[in-house]
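Asks: Sequences listed follow chains A and B, in order. Numbered per the working numbering, the first sequence spans residues 259 to 568. Numbered per the working numbering, the second sequence spans residues 259 to 568.
Do not take every clue at face value.
For chains that are exact copies, the list does not tell them apart, and a pair is met inside one copy or across any two.
As the list claims (entries may be wrong) - For lysine-lysine, the following DSS-like pairs were computed, each having C-alpha atoms within a straight-line distance of at most 30 Å:
(1) LYS292 to LYS381
(2) LYS488 to LYS413
(3) LYS534 to LYS381
(4) LYS283 to LYS381
(5) LYS345 to LYS283
(6) LYS313 to LYS534
(7) LYS488 to LYS534
(8) LYS283 to LYS268
(9) LYS484 to LYS313
(10) LYS413 to LYS283
(11) LYS506 to LYS262
(12) LYS506 to LYS419
(13) LYS292 to LYS345
(14) LYS492 to LYS292
(15) LYS413 to LYS534
(16) LYS558 to LYS488
(17) LYS419 to LYS283
(18) LYS381 to LYS313
(19) LYS413 to LYS484
(20) LYS488 to LYS283
(21) LYS313 to LYS345
(22) LYS345 to LYS381
(23) LYS484 to LYS534
(24) LYS262 to LYS292
(25) LYS268 to LYS354
None of these hints come from the bench; they were simulated from the model.
Number of protein chains: 2
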Amino acid sequence: MIEKLIAQIKEKQSPIVVGLDPNLKFVPEFIKQKAFAELGETLEGAALAFKEYNKGIIDAVADLVPAVKPQIAMYEQLGIPGLEVFKWTCDYAHEKGLVVIGDIKRGDIGSTSEMYAVGHIGKTVIGSNVVSAFDEDIVTVNPYLGSDGVLPFVKVCEEEKKGIFVLVKTSNPSSGEFQDREIDGRALYEHVAEKVVEWGSTTIDPETGYSEVGAVVGATYPEQGKILRKLMPKAYILVPGYGAQGGKGADLAYFFNDDGLGAIVNSSRGIIAAYKQEQYAHVGEEGYAEASRLAVLDMKEDLRQAIASR
Amino acid sequence: MIEKLIAQIKEKQSPIVVGLDPNLKFVPEFIKQKAFAELGETLEGAALAFKEYNKGIIDAVADLVPAVKPQIAMYEQLGIPGLEVFKWTCDYAHEKGLVVIGDIKRGDIGSTSEMYAVGHIGKTVIGSNVVSAFDEDIVTVNPYLGSDGVLPFVKVCEEEKKGIFVLVKTSNPSSGEFQDREIDGRALYEHVAEKVVEWGSTTIDPETGYSEVGAVVGATYPEQGKILRKLMPKAYILVPGYGAQGGKGADLAYFFNDDGLGAIVNSSRGIIAAYKQEQYAHVGEEGYAEASRLAVLDMKEDLRQAIASR
């Protein structure tokens with residue numbers, strides 16, 4: 259999958275992933291009203307609103323970005339109807355040729371991680387049938403349980419040519435509480451990074467030289483990003499925290515390798531709720547999808563400058 | 259919720275949680291054949307088999323145990339039909355008066371953890387309606403992201419009188435890879451345990467003295483369990499790893515406090531697939547639910563002896 263992701267990044271000249279993290283606070287009133295009129299102020303109604311909202315954004319940005327990243331928590335808060343829209347969103351993004359990164363941050367003991375891996379990026383065997391449950395291309399994985407919680411995902415990556423991004427240094431304010439603690443003279447996140455290299459060593463794509471096992475490193479921690487970039491030269495880095503969480507393009511230059519590749523930057527609210535920002539407000543609520551397109555174009559230029567500045 | 263859990267533990271004299279982790283390998287042939295005949299060898303057919311299987315087990319053990327713990331990964335592998343059965347299982351267990359521990363091991367940045375908390379143990383606000391998406395009583399939470407990834411769950415615990423168990427020292431073989439690493443002279447899991455105490459400090463139930471914020475500590479690590487029991491005197495400990503993973507009752511004496519409370523021990527395969535064990539095989543596949551009841555009774559005696567031996 260890393261080969262496909264990189265091909266799309268090169269083709270679209272855009273190391274950007276759009277975080278499809280819908281929230282009723284962001285969904286324009288006209289979409290909510292229509293959905294609630296049809297299905298009521300219910301889980302089903304809210305899920306329908308998310309679907310319409312996502313469709314508008316995917317249609318508006320599909321030619322500009324290589325990938326989308328639906329955050330499953332936003333859909334889980336709506337229960338079954340929400341998860342149906344999560345699945346629909348993954349499938350619709352695929353129809354539009356996009357790589358789908360499921361931001362699921364799963365991780366458990368071996369036999370349980372295997373079920374998550376099978377359900378999200380692999381195939382479930384039922385009697386003589388083999389079926390896809392969710393069918394994402396790449397998922398995020400939590401490393402707290404160690405190798406036997408991660409390797410079942412790697413196994414599926416090998417078998418199905420899929421990918422994972424392992425949480426290394428997350429973007430949130432308190433990520434340092436455990437991740438920055440020093441162990442034998444190095445931060446925990448560096449130890450995790452070392453494992454990411456090890457876990458990915460069997461999944462290096464011969465074409466691009468990158469591994470199917472990437473890492474999550476927050477845009478909000480540029481110094482750590484620089485260190486981690488060098489520690490994991492063959493790991494793609496998924497960079498959350500750009501925009502609404504405070505990360506700027508200028509901070510991100512050293513998340514990329516010398517080849518201009520190696521990182522893909524996520525923006526969620528900054529793109530999907532762009533119409534609420536002053537600079538895009540002229541499009542109005544009805545133009546929310548157009549605003550998301552404009553925000554992607556601005557982000558693309560911001561990152562181009564960051565990469566060029568290296 | 260901790261008050262209700264403890265009341266049930268006392269009433270049933272049974273610190274046992276049954277892990278409802280269905281797997282097509284465990285589901286008796288007669289259940290699979292019936293479900294596949296009705297819905298085919300599909301996600302829907304497998305989900306129906308899980309439902310029938312769970313129903314039999316819940317009916318057989320509801321009067322013996324305080325709680326069940328469905329592992330959501332098993333249901334996610336079956337996509338939407340699987341998650342429908344996850345929800346059905348939670349609801350059916352509630353009907354039978356059981357406490358439902360959703361083994362979801364979620365954890366993310368603050369705003370995202372809030373969505374998980376709302377979706378699983380809280381309420382989702384949709385316009386002027388307030389609805390439950392999944393409605394578990396307690397969920398498991400991954401601490402890798404630090405306080406701001408956990409506190410949104412604690413907030414919902416306070417508001418809704420629900421509970422969480424935070425992963426501290428997991429039961430799997432490689433849990434030590436990161437969790438045992440030494441930071442300032444103490445293992446990472448001890449630092450996480452210290453935070454569990456802090457996170458739970460606002461949720462102490464005046465009646466029982468226990469907190470709504472508990473911890474997961476694997477039965478496979480009795481020495482660490484003894485240390486962690488003392489470090490977190492007011493935290494209930496959810497103990498996975500009994501039975502199939504190798505933990506024995508005799509190892510668990512020191513997971514309990516002097517009051518005989520403070521721990522609840524999970525067994526999944528050891529109970530739900532008991533009919534496959536030699537000692538219960540006489541009931542046959544058709545008697546799988548009866549076998550699970552017998553396995554619970556044996557486990558109850560094993561734990562009684564362990565607690566008495568302290």
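Asks: Hint numbers the structure violates, sorted upward?
Replies: 7, 8, 9, 12, 14, 20, 23, 24
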